[in-house]
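J.: When you get a sec, could you build the whole thing from the sequences and use the hints?
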Amino acid sequence: MYGYHGNYLRIDVSTGETHRVPLAESTLREFVGGSGLGVRILLDENAAEVEPLSPEAALAFVFSPLVGSPLTTSAKFAVVSKSPLTARINDSLASSGFAIAGKKTGHDALVITGRARQPSILVIEDEQVRLLPADHIAGMTTSDAEQKLKQQLGERFQLAVIGPAGERLVRYATISHDGRHAGRGGSGAVLGAKNIKAVAVCGSRRCEWAEPDLLTQLAKSLSAKSFGPATAKYRELGTASNLLVFNRLNVLPTRNFQQGSFPSAEALSPEQMQQSRERTRASCVACTIGCEHIYSLGNNSNGKAQSVRIEYENLFALGPLCGVSDPEVVLESSRFCDEQGLDTISAGGTIAFAMECAERGYLSAIGLDAPWLRFGNGPALLRALQEIADGTELGQRLAQGSRRFAQEVGRDSIKFAPQVKGLELPGYDPRGLQTMALGFAVGSRGADHNRSGAYEVDFSEAVDRRDVGPEAAQLAVETEDKAAIMDSLILCKFLRGVFVDYFGEAAEMLRLVTGWEVSANELRATAQRIVEAKKEFNIRAGWTPVEDTLPERMLSTPLPDDARAELSTERLQQLVRAYNVARGWSEDGYPASR
Amino acid sequence: MIHVELFGIPRSRAGVEKTTAKGPCLGDVLLDLSERFPALAKECIDGRSLRAGYTANLRGEQFITDPETRLTDGDTLLLLTLDAGG
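Chains A and B supply the protein sequences, listed in that same order.
If you use the working numbering, the first sequence closes out at 594, no skipped numbers anywhere.
If you use the working numbering, the second sequence closes out at 1086, no skipped numbers anywhere.
Hints are supplied without guarantee of correctness; some may be wrong.
[As the list claims (entries may be wrong)] If the Cβ cut is set under 10 Å, some of the chain A residues that face chain B in the computed set are: (1) P229; (2) T231; (3) S241; (4) R248; (5) D458; (6) E461; (7) A462; (8) R466.
Since the hints were derived computationally from the structure, they do not count as laboratory data.
Quantities reported herein were computed from a predicted structural model and do not represent experimental measurements.
No residue lacks a Cβ here, since even glycine has one placed at the ideal position from N, Cα and C.
T.: Structure below.
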């Protein structure tokens, strides 16, 4: 078999037992790798039915056929599990040498179950698996733990580590790899619940490619295109350049989605910050785009130079969403989240929700006295993050995410908790981007801009973004299908602008790697299968149609700074029904196979 | 006169945040901008059209790419990159 090893390794960290599970070529062709293969494996492992932080829960690191190939941006992997934040499927992706080294262990996925007796490091070197004590790195930040483990194990090992947030089971804890994070949905807490502080991988087994010469030619062509104008935005300004555009279009979520524009947005823009701060650019492993923009933060109290990687999502969530306009605070908050292993979107979303609750007097009513927690108060944002890290009374509530926190706060707070299925919304106000609103509502892992690229439809002539009708449903399906394939192959979404015939070109890559005569139509069917497998997982986990909605605030209150940006429950449900029909499902969202 | 606001790469190539340009159609505005901002033209504009990856938005309301789209004196046109993302 080309491109794959044809098996995954199941490791029970309770006992240390391992089992090599064969993967049929037909399964690999049907689900490709990454996100798609991960959900298939988790269904086979019956992971939907168990509590995500229990020992029985499975967490899978899933590689893909393109990993290790010369194709740019292919050093990626998916972390797939049931989310402790949403209790639904969670597939978060990251790029690092972990993908290449992990696949070289001779497995297409590493599936971890059980719970180690003590904090441990899981070391996988080819077929050899061992657990080492992690006492000496317990409580360490992600970068300190990685550094310590590199010294201990040597540079040939690639690492996935959790920060203190994962150890504390914060429900939106991340898994960090070389400073990049498998960020959303709390996979860091799942690993923490297994008493695994870090996974170290190293291997010597390479996969062969079916057409190595043609693959190299195609890789050169793709790399050349990746230097072109389609990726200039990412290379020169980074994703943070969205900030001013979204602000201008009144879709920049501000003060917990109470506004769509932020008067101080300019101060947080990359254009402005680049003028006053040292900035360096970097790339993920095996990437030619170079989208990472790393800002200097000066030295810490120990004289150690500090820096932080800035993306639109951490900028929005820790800035406008909390009403914070001080760039120093936003940068420091982002750095803190990275070091603790916290998803910045959920951290910012939950704190913004708590700020609104505090301003309304809802927190004092439940015995949480936090008069300092106010929108626009930078030190309050930093303090709230520190309380999550310290596990204070307030911090423990914040660590649960906005939906659970709202259930404790009561009153009408669930109406403005900024979440779908428990996952906090990213930086797109759905009232002004209504195809994206549909994408959020039906997203298998909740409000999600990575598994649905529906905002692309809103940023086009195809729809009126503030008055989207059912015709947008098919367009939303297409963006979701593209994402399903990109996340399974896996290639970086920032490449999407370079493709002319996306499914056709993706099929050609897969053909050159695997030797399969894959067509664009086959990949479209594969995308539908993957989306349907995620739905199947969620149904088994307890999904019902009422979950496919948005917070009531988005459905009852127009954006104050744009009265045309208005969405109602009836109109959203009309879009959801149209989406389900476009998927070939029943109107309320059940696949025909059910 | 059309008020033009630039974002992201268009802004960095033109070197200005805002400018004005002559209409009456989108294509005429782009031609006018091309003559005054060669770096912007090279990266983002191809004759009377925007290059792939770039788009225009009228008054913050409507995305437009057809060069024959009529503009009204005093309109505001935004030039930006096509993908949101990130």
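J.: All hints, please: hold or fail.
T.: Structure-based check of each hint:
This hint holds: P229 of chain A has a C-beta 5 Å from the nearest C-beta of chain B, less than the 10 Å allowed. A distance limit of 10 Å between C-beta atoms decides the matter here; for T231 of chain A the minimum to chain B is near 9 Å, and the interface restraint holds. Among the interface hints, the one on S241 of chain A holds; its C-beta lies about 4 Å from the nearest C-beta in chain B, closer than the 10 Å criterion. A cut of 10 Å between beta carbons decides the hint on R248 of chain A: the least distance to chain B is about 6 Å, and the hint holds.
Evaluation of the D458 of chain A hint against chain B yields a held restraint, the C-beta minimum of about 8 Å falling below 10 Å. This hint holds: E461 of chain A has a C-beta 5 Å from the nearest C-beta of chain B, less than the 10 Å allowed. Against a cut-off of 10 Å between C-beta atoms, the interface hint on A462 of chain A holds, since the closest Cβ of chain B lies about 9 Å away. Interface restraint check for R466 of chain A: the shortest CB-CB distance to chain B comes to about 8 Å, inside 10 Å, so the restraint holds.
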